[in-house]
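*Asks:* Chains as they are written, first to last, in the working numbering: chain A, 1 to 213; chain B, 1 to 213.
Source of the hints: derived by calculation from the structure; they are not laboratory data.
All C-beta atoms, glycine included, are put in the ideal place defined by N, C-alpha and C.
Among the hints, erroneous ones may be present.
To be verified - With beta-carbon atoms standing in for the labels, derived distance ranges:
1. A/E188 <-> B/I211: 30 to 36 Å
2. B/N202 <-> A/D31: 34 to 40 Å
3. B/H40 <-> A/A4: 18 to 24 Å
Stated by the list, open to error - Sample of chain A residues lacking proximity to chain B, with all beta carbon distances greater than 12 Å (derived):
4. D31
5. V33
6. D34
7. G103
8. E174
Each chain is listed here by its residues.
Protein chains: 2
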Amino acid sequence: MLNAPEFDETFRKQFEELLKWRRDVRSFRSDPVDGQLIEHLIGLASLAPSVGYSQPWRFVLVESPECRESIRANFEHCNREALSLYSGEKAKLYANLKLAGLGDAPVHLAVFLDPHTDCGSGLGKTTMPETLEYSAVLAVYTLWLAARSHGLGVGWVSILDPVEVNQGLSVPNEWKSIAYLCIGYPREDDPTPELLRHGWENRLPVTDILIKR
Amino acid sequence: MLNAPEFDETFRKQFEELLKWRRDVRSFRSDPVDGQLIEHLIGLASLAPSVGYSQPWRFVLVESPECRESIRANFEHCNREALSLYSGEKAKLYANLKLAGLGDAPVHLAVFLDPHTDCGSGLGKTTMPETLEYSAVLAVYTLWLAARSHGLGVGWVSILDPVEVNQGLSVPNEWKSIAYLCIGYPREDDPTPELLRHGWENRLPVTDILIKR
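Just chain A, same shape as in the assembly (with noise of 0.2 Å):
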């Protein structure tokens, strides 16, 4: 029996710090990104809750210049008609605000739900299936919180049409996308969401978030 790790103030503080430092990140510097580590974060990734221990996650490390290429052309379409959806000053900060580095990021690495997985026997999601495709989520979470502590910044890019990422990467058609992520060193770094900074949006009060029954 091993003991229990006691996590002190120092520790607590510094990890509120990367909870607040570890926003989304869409300018990357072009330093290289050490292979192995990349690999220690998805180990690390893998430590992330599953539910009935499922590990459903699957990781796809995105490097031909071909399959990149189809990721950023879907993301130029989909994004064209995000855009054609505002009018006025919101279409203007719209298309002013830069949305992914897919062309600075030196590392892109695609998640996936494998739903048929036999990992787990079932077990906690008969009444949430939902839950396994939440798992495969938090692996991502685990990573983009490793990457920071590593100085690394990781960027979600969710303006994508998921069958055509499947297609675009060739993986079984039956897994589900579940984030794009371009990964490197952050050309600038900032503790307040980009959206926050930009105008597009406010943080909500713990009243609005917060009720009791």
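Since the structure of chain A is already known, use the hints to place chain B on it.
*Replies:* Positioned in the frame of chain A, the structure of chain B alone reads:
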């Protein structure tokens, strides 16, 4: 402009310990938990990433005996149904697993998604609307990790009928039930997932979860 914190090797090692000792906890000591600490943890949870900075998470602190009883009855019913899906050794193993700490956890916290929030103006979720749900999931995990850094254990109960959760807690029907969390000081600590320790499932090797393209 603030200076970004530099995380050192000491912090990274402790953070990896936090990920390993995070665990899903199902047995709690009866010691009370400071209410201010819970509100602090909910504040930290709101630092989770959210699509378009939509902050769609809603927290319900469940304190009344009536509401807690509705959840306990919901779990008992769903867990019996789930057990009936297994047979032989797997059924015996399932029946012996303690899958929730609803009876002994001093704090019960339900987490919902408000899918109709205007916050974020829909940015980033046109092609993948499920990212709104993912945002609420990330808030759960942020709270979970932060709680562990304070020595608290969290158990995520998913063996619940989500529609009945809303009814039992009198929250709007359109909110989506994401997680029901039991929180308290754990009766035991272990860095090995309970379902791995009890022989339910094994850890997948990295070769099973990583491919290159």
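*Asks:* What hints, given by number in increasing order, does this structure fail?
*Replies:* When the structure is compared with the hints, none of them turns out to be violated.
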